[in-house]
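*Asks:* Listed here are the chains, written in short residue letters.
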Amino acid sequence: MAASRNRDAEKGGRLRAWAVRLVCVLFWLAVWELAARAIDARIILVGPLEVLARLGELSLTGEFWASMVLSLGRIAVGYVSAVVLGVVLAALAARFSPVRELLSPLMGALKATPVASFVILVLLWVSSRHLSVVIALIMALPIVYTNVLEGIRQTDAGLLEMCDVFAVRGWDRIRLVYASEVLPYFRAGVTLALGLSWKAGIAAEVIGLPDLTIGEHLYDAKVYLDTPDLFAWTLAVIVVSVVLEALVTRAMGWAMGRWEARP
Amino acid sequence: MSTGCAFGGDLTLALRDVEKHYGELRVLEGVTARFEPLRAHVLMGPSGAGKTTLLRLLAGLERPDAGEVARGSGVRLGMTFQEDRLCENLTATANIRLPRPRLSGEALERFLAREREAMAACGLPIDARPVRELSGGQRRRVAILRCVLAEANTLLFDEPLKGMDEKTVELVMGFVAPLVAERTVLWTTHDERDLRFFNDPILWRVEGGRVCTC
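Sequence order for the protein chains is X and W.
Residues in the first sequence are numbered consecutively from 1, following the working numbering.
Residues in the second sequence are numbered consecutively from 1, following the working numbering.
Treat each hint with caution, since some may be false.
[Unchecked claim] Some residues of chain X that are not near chain W, with every Cβ distance over 12 angstroms (derived):
hint	residue
1	Leu26
2	Ala35
3	Ser180
4	Arg250
[Stated by the list, open to error] Examples of chain X residues lying across from chain W (beta carbon under 8 angstroms, computed):
hint	residue
5	Glu101
6	Tyr219
7	Asp220
8	Ala221
Hint data in this document are derived by calculation from the structure and do not stem from the laboratory.
Here a beta-carbon is modelled for each residue, glycine too, at the ideal position from N, C-alpha and C.
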């Protein structure tokens, strides 16, 4: 009975939170629409209704979806590579202090350097088609590396002593103790890195201008002063970002829940 | 219920002229003790007398400043620490099974059944919650079961029943005592009543840097 009441209260709380969020979003959309009407110059600002209509038109073209898939695919390759590389490097850095010392300035530089500098530099080294792959990797790598390394370093020394006593070593220690301790840090790292990779990858496309990508369309919209297109493509980028983050967060939560619930 | 332990090999557990200091604090001074295998040894003494240090030396978690700690090649250790030392994100059964990481197939199923039986006997809930959601007393029982269900012939217990109410102590020890009866047990406590859980235990006094049998 009490549990059922708690569930109802929790559900009610969630609904209220969503309602408040929706009202806030609607408020800002209304402000945007009113501002567009007040300015009354499509080249400077278009309202949300027009943007939505333009996005609807774009979404009916094959070019829109081809651009989305190409941009998303390339950035995903860079992001996934960064996650794998970040975990491997963090494990090596935790195990061998010279590796940690060696990587420390590199990761610091990757975090501190503006993305635009990297884009211009990398453009000198690789073709524009591969630019977003490299940039997504560069953006995500230090975040995943730092988080996973921190997770390993924060692993309870008492648990490691317990493993010593019970002779739990090697791979068993990694999958049972380190994985359990590092997973929350890993989850935070990959979620944070995802948004950054996506945005930086698109920014790289705007500068590198590879064919049939979101970045190219954003650039064209700027050159031709096509503000509705600019807003529509930007909205598409935001929608993909939100959906990706929700998907990754839910997938990680589901995987963690299953992993934790193992008998 | 079988413990599944191998009792063969050299089960020596001894200290020879062991000294251990922490900075200026002298914890153990010239301690020599030999713990007879397959017997229960109850170590008593005031707080800070060195009982935990003694167990940590025997477990190989500390090195003596002088002297020698001897552990036979056949010794397979299990330990309940003063803290629970559980993997917070794993279930109770996964924590209890941690010292047996390679179980699979039928062996895993058999051990899972054994774990559930042990948990029910100790009044623990059997569910899919990670141990971070268990109460302090429940977590303590998980730590004790991890130790006694381990494939170990030498069990070190550092004040395992501390903070447990009398009813739970009886419940837990009703299950644990027969399981540890034929293994080497080193049991530190402040409570003389713990002696009743063991058959003919050897009582040791740890005090003033010295360890001696009473």
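*Asks:* Hints the structure violates: just list their numbers, smallest first.
*Replies:* When the structure is compared with the hints, numbers 3, 5, 6, 7 and 8 turn out to be violated.
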